[in-house]
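J.: Sequence:
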Amino acid sequence: MALTFSYAHDLGAEEARRRLVEEAARQGVEVLFDGADPHAGLVTASSPLGKAKARFVIRETALDIEVVQKPAFVPEGLVRRALEEGLEKLLG
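The working numbering puts the first residue of the sequence shown at 269, with every later residue one more than the last.
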């Protein structure tokens, strides 16, 4: 089962999207937006531990995330905590 959760924010969808795109570019993370929805897509990141992929939907008051691939030896709890901490810094 994939790891799914929502991260609440009060920025509005457009500001959350802008911040996410800028941070992804700074970190060299690939973001592919869904052609039908400019607020949904797939993020792909590589690290020494392996590749991670997550689907996302940016909403007015939350970011919905589904981690569809994570490095094999990294526990789900650690992935979730790392994502939540990063999102807190970015969208908090």
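One or more hints might be untrue.
[Said to hold, decoys possible] Listed next, with one range per pair, are the computed distances between beta-carbon atoms:
#1 Gly-345 with Gly-303: 26 to 36 Å
#2 Lys-321 with Gly-345: 14 to 24 Å
#3 Glu-344 with Thr-312: 13 to 23 Å
#4 Glu-356 with Arg-323: 16 to 26 Å
#5 Ala-304 with Pro-343: 30 to 40 Å
#6 Arg-323 with Glu-290: 15 to 25 Å
#7 Val-325 with Glu-353: 26 to 36 Å
#8 Asp-278 with Leu-317: 16 to 26 Å
#9 Gly-318 with Gly-280: 27 to 37 Å
#10 Leu-317 with Ala-270: 31 to 41 Å
#11 Ala-304 with Gly-345: 24 to 34 Å
#12 Gly-303 with Leu-346: 28 to 38 Å
#13 Gly-303 with Arg-349: 26 to 36 Å
It is worth saying that the hints were derived from the structure and are not from the lab.
Predicted, not measured: the structure shown is a model, and the values here were computed from it.
Each residue gets a CB set at the ideal place from its N, CA and C atoms; glycine is no exception.
J.: State for each hint whether it applies.
T.: Hints versus structure:
{"no.": "1", "hint": "Gly-345 with Gly-303: 26 to 36 Å", "in the structure": "34 Å, holds"}
{"no.": "2", "hint": "Lys-321 with Gly-345: 14 to 24 Å", "in the structure": "18 Å, holds"}
{"no.": "3", "hint": "Glu-344 with Thr-312: 13 to 23 Å", "in the structure": "18 Å, holds"}
{"no.": "4", "hint": "Glu-356 with Arg-323: 16 to 26 Å", "in the structure": "20 Å, holds"}
{"no.": "5", "hint": "Ala-304 with Pro-343: 30 to 40 Å", "in the structure": "34 Å, holds"}
{"no.": "6", "hint": "Arg-323 with Glu-290: 15 to 25 Å", "in the structure": "20 Å, holds"}
{"no.": "7", "hint": "Val-325 with Glu-353: 26 to 36 Å", "in the structure": "21 Å, violated"}
{"no.": "8", "hint": "Asp-278 with Leu-317: 16 to 26 Å", "in the structure": "33 Å, violated"}
{"no.": "9", "hint": "Gly-318 with Gly-280: 27 to 37 Å", "in the structure": "34 Å, holds"}
{"no.": "10", "hint": "Leu-317 with Ala-270: 31 to 41 Å", "in the structure": "18 Å, violated"}
{"no.": "11", "hint": "Ala-304 with Gly-345: 24 to 34 Å", "in the structure": "33 Å, holds"}
{"no.": "12", "hint": "Gly-303 with Leu-346: 28 to 38 Å", "in the structure": "33 Å, holds"}
{"no.": "13", "hint": "Gly-303 with Arg-349: 26 to 36 Å", "in the structure": "32 Å, holds"}
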